[in-house]
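Residue-level listing of the chains:
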Amino acid sequence: MLQTEIYLALILSTCIVFIFIAGIVLFILQYRKRKIQYQSEKKAMELLHLNEMKEATLQMQQLTMQDIGREIHDGVGQRLTLASIYSKQLLHKNLSEENQLKMEEISNIINESLVQLRLLSRELANEQEHSIDIDELFVVEIEKVKALAVCDVEFTGEKEFFIDNKKAMFIIRILQEFMQNSLKYAECTQMFISLKKENDCLVLNLSDNGKGFDLQASTKGIGLHNMKRRAEMIGASMEISSSIGLGTSLHLQLPL
Amino acid sequence: MYNYFVYLLLFCEGVASFVSLLYWKKNKGYEMKYFSIYLTFIFLSEVFGHITQKLLLNNINQMYIDYIAIPLEFVFLYWFIIQLSQYTRKTKIFLMALFPYLISFIIETFFKATFEFLNISYIVGNLFLLILVLKCINDFMTSNNILQFMYSPIFYICIGILLFYLGTFPYYAIKNVLWAEFKTIGLKYWYIAIVLNCLMYCMFTISFLCYKQKSISP
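Line by line, the protein sequences are chains A and B. Following our numbering from start to finish, the first sequence increments by one per residue and tops out at 291. Following our numbering from start to finish, the second sequence increments by one per residue and tops out at 221.
Hints may be right or wrong, so weigh each one.
[As the list claims (entries may be wrong)] Across the chosen pairs, the derived CB separations fall in these ranges:
(1) B:147 to A:215: 18 to 24 Å
(2) B:151 to A:176: 32 to 38 Å
(3) B:91 to A:74: 27 to 33 Å
(4) A:219 to B:141: 24 to 30 Å
[What the hints assert, rightly or not] Listed next, the in silico SDA-like pairs over lysine to any residue satisfying Cα-Cα at most 25 Å (straight line):
(5) A:219 to B:142
(6) A:70 to B:142
(7) A:232 to A:204
(8) A:246 to A:202
(9) B:186 to A:48
(10) B:191 to B:43
(11) A:246 to B:142
(12) A:70 to B:145
(13) A:201 to A:211
(14) B:186 to A:46
(15) A:202 to A:102
(16) A:70 to B:88
(17) B:178 to A:44
(18) B:138 to A:51
(19) B:178 to B:88
(20) B:138 to A:48
(21) B:191 to A:56
[Claimed, not checked] These stretches of chain A come out as covered by chain B in the derived footprint (C-beta under 8 Å, 3 or more residues):
(22) 49 to 61
(23) 179 to 185
These are computed hints drawn from the structure, not numbers from a lab. Idealized CB from N, CA, C, for every residue including glycine.
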């Protein structure tokens, strides 16, 4: 009986020493692993933030230039057009030859100014670029999500898929909202994105393998409401389906 | 020499209790407030133990330790460690850890003669406490809290509990045998147990001192 207890104590003591040593080693390894993971997450977030700032700045610049272009066209352009009309009216009045020549010159200068103004206005308002390659925009957004290394994204698109600039922006916003929700709430590990052209329609399918949610309970969510509103504004039909434990999917169809 | 160690332990317990009460208002979580009460209870129990020993009421002291102090210690530590961990069904886990300890305690009380040389209830209680603490440490290490472990009370509290309860597991398991048959070894191990006990209370004190509001709270 006594010997058993002594042996028991010795075995326990040996095990305890091993547990302590193993514990210290495990702690150090786990700490280093976590630190590296944290630093890479931090870098990815900083990069994402930087890219978003750049994008926002570019968008602001574009909007400002478009405003200036419109103002030039509506404000200065209108006045010059009026001046051109008055100058043409004066040409039909009984003016001396010298004045007639001068009026013609004034009229030509005004017309040339109008032409140059219209060109400048069009350049600023970016009217020549009506369409944009939406496939490229999708690739950019998906790369941002992949850089976070949180979720795997599978994308099937169509190269050189040009659609109207404004509609493309709205669809990108819907894509961003869906991906953000999947990452934040669904805790998914995979996302599937498919963009294709079918029967003169843009067909977009988004899905994730996250935990899903109760659609009835979430009808008042701002994110979902925004997505539906954007789809309606560009004349697209959108369906979202989700079940708890089975992920979430979105189907959007836009006539082109 | 013996007395120095005893007073050293009392000092460490007193300091832990004092610091915990000093930081009472700063602690936002109710678990840490109950922990302060626990440390004060332990300190007052030790003082009570010294008084009864001085008055030669060793039987009363021993009964208080065996039937009140140690059981309450285990019950509180189970609850406390479960609160610090990331369990979803905390009450269920608490009852699952407490039930075997209570059974072993009842068995030991009514079959004392059979378990003369082995503290069965202490072994069982200690074992479950260590399982809970190791789970708590695992949760801590796999979360982002590990990056700020220097400012996290969970780290110091778990290390303190491990140092004492794991380090003195063999000693308290066969304490009766050691003191009965191998008094010299028993005494030497007792000194080690006291030092580990002091280290535990030092860790508890540090857990209050190093706690920063910006770090992830327990």
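Given that the stretch 179 to 185 of chain A was listed as covered by chain B, double-check it with a C-beta distance under 8 Å for 3 or more residues. Coverage by chain B is violated here, the residue count being 0 at a Cβ distance below 8 Å.
With the threshold set at 25 Å, check whether the alpha-carbon distance from residue 186 of chain B to residue 46 of chain A stays at or below it. holds (20 Å)
Does residue 211 of chain A lie within 25 Å of residue 201 of chain A when you go C-alpha to C-alpha? holds (16 Å)
Taking 25 Å as the top limit, are the C-alpha atoms of residue 178 of chain B and residue 44 of chain A close enough? The hint holds at about 10 Å.
Taking 25 Å as the top limit, are the C-alpha atoms of residue 191 of chain B and residue 43 of chain B close enough? violated (28 Å)
25 Å Cα cutoff - pair residue 232 of chain A, residue 204 of chain A: Between residue 232 of chain A and residue 204 of chain A the Cα gap is close to 17 Å, so the pair holds against 25 Å.
Does residue 178 of chain B pair with residue 88 of chain B here, judged by a C-alpha cut-off of 25 Å? This hinted pair is violated, its Cα atoms lying about 31 Å apart.
State, for the Cβ atoms of residue 151 of chain B and residue 176 of chain A, whether the hinted interval 32 to 38 Å holds or is violated. Once the Cβ atoms are compared, 33 Å apart, the range 32 to 38 Å for residue 176 of chain A and residue 151 of chain B holds.
Could you see if the CB distance from residue 91 of chain B to residue 74 of chain A stays within 27 to 33 Å? holds (30 Å)
Straight-line alpha-carbon gap residue 70 of chain A to residue 142 of chain B, limit 25 Å: holds (16 Å)
Verdict on chain B covering the stretch 49 to 61 of chain A, criterion of 3 CB contacts below 8 Å: It holds, with 5 qualifying residues against the three required.
Is it true that the CA of residue 246 of chain A sits at most 25 Å from the CA of residue 202 of chain A? Cα-Cα ~30 Å, so violated.
In the structure shown, a violation is registered for the earlier hints numbered 8, 10, 19 and 23, in ascending order.
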